[in-house]
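Enquirer: These protein sequence lines are chains A and B, in that order. Here the working numbering = 1-based position in the first sequence + 17. Here the working numbering = 1-based position in the second sequence + 454.
A hint or two may mislead.
Unchecked claim - Restricting the straight-line Cα-Cα distance to at most 30 Å, the calculated cross-link-like pairs of lysine-lysine (DSS-like) are: (1) B:564 - A:272; (2) A:57 - B:660; (3) A:92 - B:660; (4) B:657 - A:57; (5) A:213 - A:88; (6) A:204 - B:657; (7) A:57 - A:105.
Everything labelled a hint here was simulated from the structure, so no lab data went into it.
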Amino acid sequence: MTEEIFTLLRNDAIAKDVYKAVLKGNTSQITVPGQFVNIKLDGFFLRRPISVCDVKPPFMGDEGELTLIYKTVGKGTDSMSRMTAGEKLNILTGLGHGFDVSASGKRPLLVGGGVGTPPMYGLAKKLVHAGRSVDVILGFNTAEDVFLADEFEALNDLYEFGCEGFEGGKPEVRVYIATVSGETGTKGFVTDCLGKIDECTHYYACGPIPMLKALKAAMAKAFPGAGGELSLEERMGCGFGACVGCSVETESGFKKVCTDGPVFPADEVFCS
Amino acid sequence: MADIRTRLGDWELDNPIIPASGTFGFGAEFAKLYDINILGSLSFKGTTKDARFGNPTPRIAECTGGMINSVGLANPGIEKVISDELPRLRGMFKKSVIANISGFSIDEYKYCCERIDREEGIGIIEVNISCPNVHAGGMAFGTSCEAAAEVTKAVKSVTTKPVYMKLSPNVTNIAEIAKACEAAGADGIALINTLLGMRIDIKRRKPVVANKMGGFSGPAIFPVAVRMVYQVYEAVNIPIIGMGGIASADDVIEMMMAGASAVEIGAMNLTDPYICPGIIEELPRLCEKLGIERLTDIIGAAHD
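The task is simple: from the sequences and hints, build the whole structure.
Expert: Structure (structure tokens):
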């Protein structure tokens, strides 16, 4: 973790109550998809933890770029949505343990629910870079809540030009969408899309707790033996392990969501 | 250059800055950010007899100028603290620490203090009496003179280390509680703990934290803390560690003028992890500006 000053480049609405902020600054502490940053906002005491969607590392003297996608759920994120290009932000960066990319297996499944979708994008990108084909299931309430679906699709073009093919061919990204309203994709929840997945030995997920619990149960039935990693969300005081505000009970004892997680092995959490 | 050393009884500190219990863990998180040996001391995470998960989550809420926590004394338990945390802490921090001890019964306080008494590198024991007494209807020990005195006596009977009673501000007369602790043998007083507070999520129409209520801390409570330290200084003749919302070197001076011999920095560590080194760097400059040669000269300076 380091404390860095980032400059806001863009801050645009991309879906209902959902914003995408692109910031310039030192991103070198962010090394694994699934990590988060903690942002100091004027007029608020606690920082706001936001998961990293995408990151461009610093390169040849150029500063890095950080993409965050967040939903306005309260006064803090509301005030974030009103920030404009050029504003400076004090950010604790490189927080938490992310997803284990090396555990992906041949064709991992990525599941994102609502505002839990952003970290899955950075993960998908990393996996595609590593030559992995991925299946992606995204769940939203209604059509106007849907975001990032096109960006996931666009990962199919990552190796369109000038790329030496990977063993097993060009990585493929298949995106399935579920909406509760049924307006887009499959009507229902992310678990209602599992029938479309042919094979899976490892899955990654981020989303609301009820979704994660339902997914874990459904995966155990659909793909017995598949390993999983779940990214949890909890209200945090500090984000770096000092206050013990965000504890969770796991199979191996009490853990802090901020430093031991936010990503946990699926068989460690929601066991009772 | 101003002399920013201070004393808590016989214990000399390089400076009065001490991270408060519950905002600094056992030091490891901050040792990655700066050399924690620059601190006066540190007060480790409130420790009970058994390991505790604490209260259900969510247990943190935003407030204007502060926060509410209902962490509920989550800690690994005294045995693990002694076997794992203290050796790790000694590896990082070469000075004596403040052992923060909590309990839900007189026996639990005694047990923990007796265990910690045998440990090296403990400057003082800070006894948190804001916990509910499970044998007396859940009323916090720190809200009655009798219960506060009873804990003080019990703890003093099992340790030779200096005992500082950490007082709850959720009382009518803080000076009376402090006097009761002093009369029962306390070597010092630490105050204030968090103020009982509550937030309600107006969209959900429910309290923000699962436990409904929690401890309010942060810069917003600083004036309350200054007032209470001032009152306690008038009432007792033992050293005081002042805390509650301190956020700057100016606040440190103000708290010491109210009567504190040293101060603890709490909630601010969580939002600005570099707050303590910042204050330690600023203190000599501020002393210079205010014409303070020795920091100890200003302890209680605001009193008539």
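Enquirer: Confirm or reject each hint.
Expert: Consistency of the hints with the structure:
1. B:564 - A:272: holds (28 Å)
2. A:57 - B:660: holds (26 Å)
3. A:92 - B:660: holds (17 Å)
4. B:657 - A:57: holds (24 Å)
5. A:213 - A:88: Answer holds: residue 213 of chain A to residue 88 of chain A is near 29 Å, not above 30 Å.
6. A:204 - B:657: Roughly 27 Å separates the two Cα atoms, so the pair holds.
7. A:57 - A:105: The hint holds at about 10 Å.
Hint check: no violations occur; every hint is consistent with the structure.
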